[in-house]
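Undergrad: In case you want the letters, here they are:
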Amino acid sequence: MKVLLLNGSTLKEHSQQKFFDFLVEYLNSLPIDLQIIHLKDKKIAYCNGCFYCWVKTPGKCIIKDDSEEIAKKIIQSDLLIYFTPITFGGYSSLLKRALDRQICLISPFFTKIKGEVHHKKRYNKYPSLLGIGYQKQTTNPQMSGNDLVEQQIFSKLLKRNSINFYSPITQAHIYEMGTDKNEFMNKLDKSLYLIMELNNQEVSAK
Amino acid sequence: MSLGSFLTNSLHDYGFEIEIKFLYTSIDKTDQMEALFSKLDHADLVILSSPLYVDCLPAVVIRFMEKYQEHREIISTQDNSYKSKFVSILNCGFPESEHNHIALSICKQFSSRIQWKWLGGLAIGMGGFISGRNINHLGAPVKKLTQSLKIAAEYINKGEEIPENILRAVSLPLMPKKMYTSIGNLGWKKMAKNFKMKKHLKDRPYS
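Protein chains in written order, with numbering that gives the first Met the number 0: chain A, 0 to 205; chain B, 0 to 206.
Just so you know, not all the hints are guaranteed correct.
Computed cross-link-like contacts, SDA-like style, restricted to lysine to any residue with a CA-CA straight-line distance of at most 20 Å [stated by the list, open to error]:
id : chain 1 : residue 1 : chain 2 : residue 2
1  : A       : K111      : B       : E95
2  : A       : K41       : A       : Y25
3  : A       : K71       : B       : Y205
4  : A       : K11       : B       : K38
5  : A       : K72       : B       : D202
6  : A       : K1        : A       : N123
7  : A       : K59       : B       : K197
8  : A       : K59       : B       : Q68
9  : A       : K135      : B       : R71
10 : B       : K116      : B       : S83
11 : A       : K119      : B       : K38
12 : B       : K38       : B       : W117
13 : B       : K189      : B       : Y205
14 : B       : K20       : A       : G48
15 : B       : K197      : A       : N139
16 : B       : K189      : A       : T110
17 : A       : K135      : B       : H70
18 : B       : K197      : A       : Y51
19 : A       : K113      : B       : M178
20 : A       : K1        : A       : L26
21 : A       : K71       : B       : H70
22 : B       : K28       : A       : K1
From the derived model, a few chain B residues whose C-beta atoms are all more than 10 Å from chain A [stated by the list, open to error]:
id : residue
23 : M32
24 : Q146
25 : I165
The hints are simulated quantities; they were obtained by calculation from the structure and are not laboratory data.
Values in this document were obtained by computation on a predicted structure and should not be read as measured data.
The C-beta atom is built at its ideal place from N, Cα and C for all residues, glycine as well.
Bound conformation, chain B alone:
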């Protein structure tokens, strides 16, 4: 269960009907994007769950935001009354969750431009530790994180902004920084070894 799924499962317990869409596979398919937009136009809550790419949101997410803003400009004369609530949950491979802050500022601006209600941005570091694994099986390191996500879900359910102390709690490191980076550095070597490329990790093909 990913971070996003953990949050949506918690919201499901409050009675939310959850639907999950993947931007990466649908971004260039007009029919799928139109179907998504019509759902977003009348959703009570929208959650963006994404990794951090190069200090920011991945291009796929930005393309979605550009397209949806255009869509909203077209429909704004017809229906400007419905305002979804918006939450973003971002994770990065660096140990410090603060790397996500610029991308979350961009999410907040997107929310403001299309007149959604911003409930907050959840910034998670050490994403390499979670890395697609089921968060329920990761034990003690994610205990504080999962507890805080459940509290965040309470506020989201009430339609209220997630308080600063909860945002901070979600962002706490999952383990000592040194331990994470050491495991990470070993992990790259192990992965390269699987491809018989360990000796080539420092190659400079464009020198």
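This is chain A alone, in the form it adopts within the complex:
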């Protein structure tokens, strides 16, 4: 199973680096083909909303930078993992900058999914999606209610992305920095098992 991890964190703090290393060590212990892209090391321009990736060079962005390599790797993977600090409930700008450039992977044409309009598929197969968001707990008691609200937004955002990017399975996992990593890993393990099962079934069906 091909797994692509997009690291949308700058890993500035030691605790973030430690958590990321712990996660990668775990992923490396699984029977998967793991590739990691550290977005902070990539040259990726902001999407300018020109829609040329739909009408002028269909399926490809006209801006030539590292985004093209990422788009190719995403569509050829079985599982896409986002690693990001939860930022007001969403992704970091580093991760979002890479994702904004991926609309070339879907079609401009509209279709209805469960009564709501979305874009049609461009490809037959899209990867499952696993969002791993970490959150530094707010110490100010007047502001701490924001943490839970932002966790909920993060999970909803993953679900919405999965509709637009046709992910067969989507899961959001949140790690509150400084809490028990094992509990987090147990939940993550279950999700990955589910995704690997699905992938095995697809491989057998072929």
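Position chain B relative to chain A; hints supplied.
TA: Below, chain B without anything else, positioned relative to chain A:
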């Protein structure tokens, strides 16, 4: 006149002095961002006007929010008394305005984290119909929208939260959904034809 400009024009009539800044062209320019931050620190009202990108705010807007929050953390010990009011107006290319709701939740959280007063999020669908055109020239389909934006401006002027019924009125569809998607689908074909790429619209370059 864009949606954001329509709202700011309505506020201008109440005596607001309006200044418009473009994040896309200034986000990586330190001097321009510092100048913007010092204005924001003492603005009575901040309006974010943005399209929806991939279910959320564009990366440029998120980068601005990250940077401004850092700035606020630095100055919070010096001046924590001034609280701007904040409104977001988002539009998406889908017919349903609800696609904007997650991005508006993120705007609200940003507002809460930097202790601005949240007055509300205006969610607009069928953005492809407006698409940079002057909203004053779009006739009947935008009549309800412009009326509701003017009422929203009344509440913003008073520094009050925009009521739910006004937020709902702003979000009403501009035309039947089927009509919008049909015109939209034809529009993509027409644009591709201009580049002689109509037959390639379904290409899969990374298969």
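Undergrad: Given the hinted pair K116/B and S83/B, is their alpha-carbon gap at most 20 Å?
TA: holds, 6 Å
Undergrad: When you look at the beta carbon of M32/B, is every beta carbon of chain A farther off than 10 Å?
TA: holds, 13 Å
Undergrad: Straight-line Cα separation of K113/A and M178/B no greater than 20 Å?
TA: This hinted pair holds, its Cα atoms lying about 19 Å apart.
Undergrad: Are the Cα positions of K11/A and K38/B separated by 20 Å at most?
TA: violated, 29 Å
Undergrad: Compare the distance between the alpha carbons of K119/A and K38/B with 20 Å, and conclude whether the hinted pair is satisfied.
TA: violated, 43 Å
Undergrad: With the threshold set at 20 Å, check whether the alpha-carbon distance from K28/B to K1/A stays at or below it.
TA: violated, 39 Å
Undergrad: For Q146/B, is the shortest CB-to-CB distance to chain A above 10 Å, so the non-interface label stands?
TA: Answer for Q146/B: holds, closest chain A Cβ roughly 25 Å.
Undergrad: Is the hinted pair K189/B and T110/A satisfied, with a Cα-Cα distance of at most 20 Å?
TA: holds, 18 Å
Undergrad: Is the straight-line distance between the alpha-carbon of K59/A and that of K197/B 20 Å or less?
TA: OK: K59/A and K197/B at ~15 Å, within 20 Å.
Undergrad: Test the statement that I165/B is away from the interface with chain A: the closest C-beta pair must be farther apart than 10 Å.
TA: The assertion about I165/B holds, with a minimum of 23 Å to chain A.
Undergrad: Between the alpha carbons of K135/A and H70/B, is the straight-line distance 20 Å or under?
TA: Holds, at about 18 Å.
Undergrad: Is the Cα-Cα distance between K20/B and G48/A 20 Å or less?
TA: holds, 18 Å
Against the hints set out earlier in the document, violations occur for numbers 2, 4, 8, 11, 13, 15, 21 and 22.
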